[in-house]
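*Asks:* Sequence:
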Amino acid sequence: MAFLNIINQVKENISKIISKKGYANVDFVVEYSRSGFGDITCNVAFLLAKDLKKNPQEIAQEFTAEYNLGSDLEKVEAHKSGYLNFFINTNSFNSTILPQSLQENYGSLDIGKNSKLVIEHTSVNPNKALHIGHLRNVAIGDSVSRILSKANYDVKVLNYVDDSGLQVADIIVGFKYGGFSESPPDGEKFANYCGDTVYVSTTSKYESDKDLESKRHEILKELEDSTSDAAKFGKTLTRKILSDQLDTAWNLGASYDCLNFESEILYSKLWDKIFEKMKSENLVHLEDQGDNAGCWVLPIENEDDKIIVRSNGAATYVAKDIPYAAWKLGALTDPFNYAEYTTQPNGRTLYETTLEETQIPKQSFVADRVITVIDNRQTNLQKIVTSLMSKFNPESSYVHLGYEAVTLSSETAKILGNTTDGKDVQMSGRKGLYINADEIIAKLEKHVFLESKERNDDLDDVSLSEIAHSVAIGTIRYELIKPDLGKIITFDINTSLKLEGDTCSYIQYSCVRAARILEKFGKEPNFDTNFDQLNTKYEIDLIKQIGLFEVFVNDAAKNYSPKVIAKYCYDLAVAFSSFYEHVNVLKADTPELINARLCLVLSFKSTLENALDLIGITAPRRM
1 MAFLNIINQV KENISKIISK KGYANVDFVV EYSRSGFGDI TCNVAFLLAK DLKKNPQEIA
61 QEFTAEYNLG SDLEKVEAHK SGYLNFFINT NSFNSTILPQ SLQENYGSLD IGKNSKLVIE
121 HTSVNPNKAL HIGHLRNVAI GDSVSRILSK ANYDVKVLNY VDDSGLQVAD IIVGFKYGGF
181 SESPPDGEKF ANYCGDTVYV STTSKYESDK DLESKRHEIL KELEDSTSDA AKFGKTLTRK
241 ILSDQLDTAW NLGASYDCLN FESEILYSKL WDKIFEKMKS ENLVHLEDQG DNAGCWVLPI
301 ENEDDKIIVR SNGAATYVAK DIPYAAWKLG ALTDPFNYAE YTTQPNGRTL YETTLEETQI
361 PKQSFVADRV ITVIDNRQTN LQKIVTSLMS KFNPESSYVH LGYEAVTLSS ETAKILGNTT
421 DGKDVQMSGR KGLYINADEI IAKLEKHVFL ESKERNDDLD DVSLSEIAHS VAIGTIRYEL
481 IKPDLGKIIT FDINTSLKLE GDTCSYIQYS CVRAARILEK FGKEPNFDTN FDQLNTKYEI
541 DLIKQIGLFE VFVNDAAKNY SPKVIAKYCY DLAVAFSSFY EHVNVLKADT PELINARLCL
601 VLSFKSTLEN ALDLIGITAP RRM
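Sequence positions in the sequence shown follow the working numbering and run 1 to 623.
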């Protein structure tokens with residue numbers, strides 16, 4: 001029985017004791033504990049102390065006397081602090097966990113009950129290549145989608161493409177009026193060319209060239225008409241840029257189910273439909289006095305009313321997100337047909353929305369819950385959307401999963417040719433101040449390739465390239481999800497290229513070590529054996545860590561937190577490293593003990609690979 005099952009069993013038994021004694025129901029916590037305080041701990045005695053007017057330790061002792069240990073627990077103690085500390089029966093635990101860990105569904109949970117969930121991530125304006133800041137969004141969104149699938153949600157992944165906004169108008173202006181060639185220089189990707197050259201140069205001229213700025217607004221208006229030359233030209237440009245963006249995201253290991261184009265949402269008149277729905281259900285009202293006279297406003301609890309439509313009839317910025325959110329939650333009839341955009345590198349079909357007739361059967365991307373991954377600069381806007389969606393669906397059905405931005409260290413900004421007086425800086429596409437995602441991936445791959453070649457002179461370039469790719473992608477993903485989502489990441493090129501410390505390469509190397517032990521033995525270990533032999537501290541600690549996998553998946557899924565899995569992978573690697581340093585596997589005293597330890601090594605390797613997959617990381621064969 002895995003840790004999570006034992007924890008749930010302890011919760012149930014504690015509740016029975018409370019009921020039997022006639023105590024008041026309290027919201028107690030049962031969780032795995034840090035070393036030295038048992039394996040599982042419970043705070044029930046603290047919560048009952050005030051009502052019972054007793055010392056928490058005395059109450060804890062009452063529970064220890066009443067508790068029926070069963071076969072999964074060895075003992076329960078009332079700690080002097082008042083906590084109830086439970087110790088697992090290691091023999092029973094070992095014989096259960098090690099075989100279970102090899103099963104394909106190990107760590108899978110049924111939190112979602114196969115309910116439909118949509119997660120939208122990436123959603124980068126199609127006027128530039130992805131930069132390292134965008135990759136944080138991709139890494140978070142892709143990892144959360146994997147974790148929620150593991151927790152039995154029916155997950156669909158969307159990528160919103162704003163192909164009718166200002167930034168697209170800017171590159172059209174650049175090509176039509178700025179004299180830029182429609183072909184990039186040799187060797188440069190089209191997305192890089194558009195973002196680094198056309199967009200930056202064009203937007204820098206608006207302040208001094210008002211005629212050019214007026215062209216921008218003309219183009220923006222023309223984009224609302226699908227038959228206009230601007231709309232047709234814009235579609236050609238944005239499709240080429242999107243292709244480059246997707247190549248980068250696929251290289252990072254992400255994939256999607258559907259591309260939702262803003263232009264299709266605009267042409268479908270979804271805004272008109274949701275606006276009428278909002279008016280008919282009295283969710284918005286027309287102001288007749290004050291500063292907002294003539295505006296349609298949305299009341300927000302504990303905040304000022306938000307203008308949705310201005311007095312001149314123009315919808316505000318927030319209005320663009322409302323119809324899309326309502327469509328995702330099924331509050332509007334789906335007006336779209338679907339076309340197959342492409343088959344992705346992992347074999348998954350990627351669809352796109354269209355208003356044209358197609359031969360593809362109608363797809364469904366409506367969900368019971370929608371998670372939108374977008375940085376915290378959009379928090380206020382997302383609060384408005386969340387508030388409005390709660391009028392159509394249950395309050396928890398629309399979730400903004402926010403995160404802080406990625407800034408550049410002063411040294412990195414200097415490398416890019418920008419002087420910042422020693423201060424970290426916010427990346428800016430308008431100023432061309434960012435680290436191109438493809439560039440940093442290539443730099444990391446080159447660095448790892450050369451280091452691996454020094455250590456593995458028997459490997460050919462193809463094998464070395466595979467190692468370099470695995471470590472580079474793993475390093476980027478790990479660094480971008482390891483911190484709290486609410487913490488700003490200061491990205492430094494030089495630091496990111498280091499391959500030691502609390503890094504992905506350390507975790508991957510532990511998996512490589514395990515693989516080498518198994519390769520040296522030369523055959524599969526036999527799991528029909530006695531695991532009571534695994535009784536050293538290092539073996540027991542490693543087995544317990546393997547058994548915690550479900551606990552961490554549960555935490556990560558309920559809190560939409562990929563960093564929980566990143567921490568689990570690191571803790572598991574640390575436990576294996578201690579085992580590796582102190583326990584001899586292939587030279588153990590008996591063949592039976594060698595076999596049992598090999599089973600543990602294989603169990604570790606399988607569990608770590610399973611956990612790494614949830615955050616989109618693979619372990620290379622060699623390092």
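Hints listed in this document are in silico derivations from the structure and should not be mistaken for laboratory results. C-beta: ideal position from N, C-alpha, C; glycine also. Be aware that one or more of the hints could be misleading.
Said to hold, decoys possible - If you anchor each label on the Cβ, the simulated ranges turn out as follows:
no.	residue 1	residue 2	range
1	ASP305	SER183	48 to 54 Å
2	ASP571	GLU357	52 to 58 Å
3	LYS54	GLU104	47 to 53 Å
4	ASN376	GLY70	42 to 48 Å
5	GLU356	GLU281	27 to 33 Å
6	GLY70	SER115	47 to 53 Å
7	ILE17	SER115	44 to 50 Å
8	ILE17	ILE360	54 to 60 Å
Stated by the list, open to error - Computed list of lysine-lysine pairs in DSS-like fashion (alpha-carbon distance at most 27 Å, straight line):
no.	residue 1	residue 2
9	LYS80	LYS544
10	LYS11	LYS50
11	LYS189	LYS240
12	LYS20	LYS80
13	LYS189	LYS210
14	LYS221	LYS269
15	LYS232	LYS176
16	LYS20	LYS75
*Asks:* Hint by hint, note whether the structure agrees.
*Replies:* Hint-by-hint comparison with the structure:
{"no.": "1", "hint": "ASP305 - SER183: 48 to 54 Å", "verdict": "holds (49 Å)"}
{"no.": "2", "hint": "ASP571 - GLU357: 52 to 58 Å", "verdict": "holds (54 Å)"}
{"no.": "3", "hint": "LYS54 - GLU104: 47 to 53 Å", "verdict": "holds (49 Å)"}
{"no.": "4", "hint": "ASN376 - GLY70: 42 to 48 Å", "verdict": "holds (46 Å)"}
{"no.": "5", "hint": "GLU356 - GLU281: 27 to 33 Å", "verdict": "holds (32 Å)"}
{"no.": "6", "hint": "GLY70 - SER115: 47 to 53 Å", "verdict": "violated (33 Å)"}
{"no.": "7", "hint": "ILE17 - SER115: 44 to 50 Å", "verdict": "violated (34 Å)"}
{"no.": "8", "hint": "ILE17 - ILE360: 54 to 60 Å", "verdict": "holds (58 Å)"}
{"no.": "9", "hint": "LYS80 - LYS544", "verdict": "holds (25 Å)"}
{"no.": "10", "hint": "LYS11 - LYS50", "verdict": "holds (21 Å)"}
{"no.": "11", "hint": "LYS189 - LYS240", "verdict": "holds (10 Å)"}
{"no.": "12", "hint": "LYS20 - LYS80", "verdict": "holds (24 Å)"}
{"no.": "13", "hint": "LYS189 - LYS210", "verdict": "violated (30 Å)"}
{"no.": "14", "hint": "LYS221 - LYS269", "verdict": "holds (16 Å)"}
{"no.": "15", "hint": "LYS232 - LYS176", "verdict": "holds (13 Å)"}
{"no.": "16", "hint": "LYS20 - LYS75", "verdict": "holds (21 Å)"}
Consistency with the previously given hints fails for numbers 6, 7 and 13, ordered from lowest to highest.
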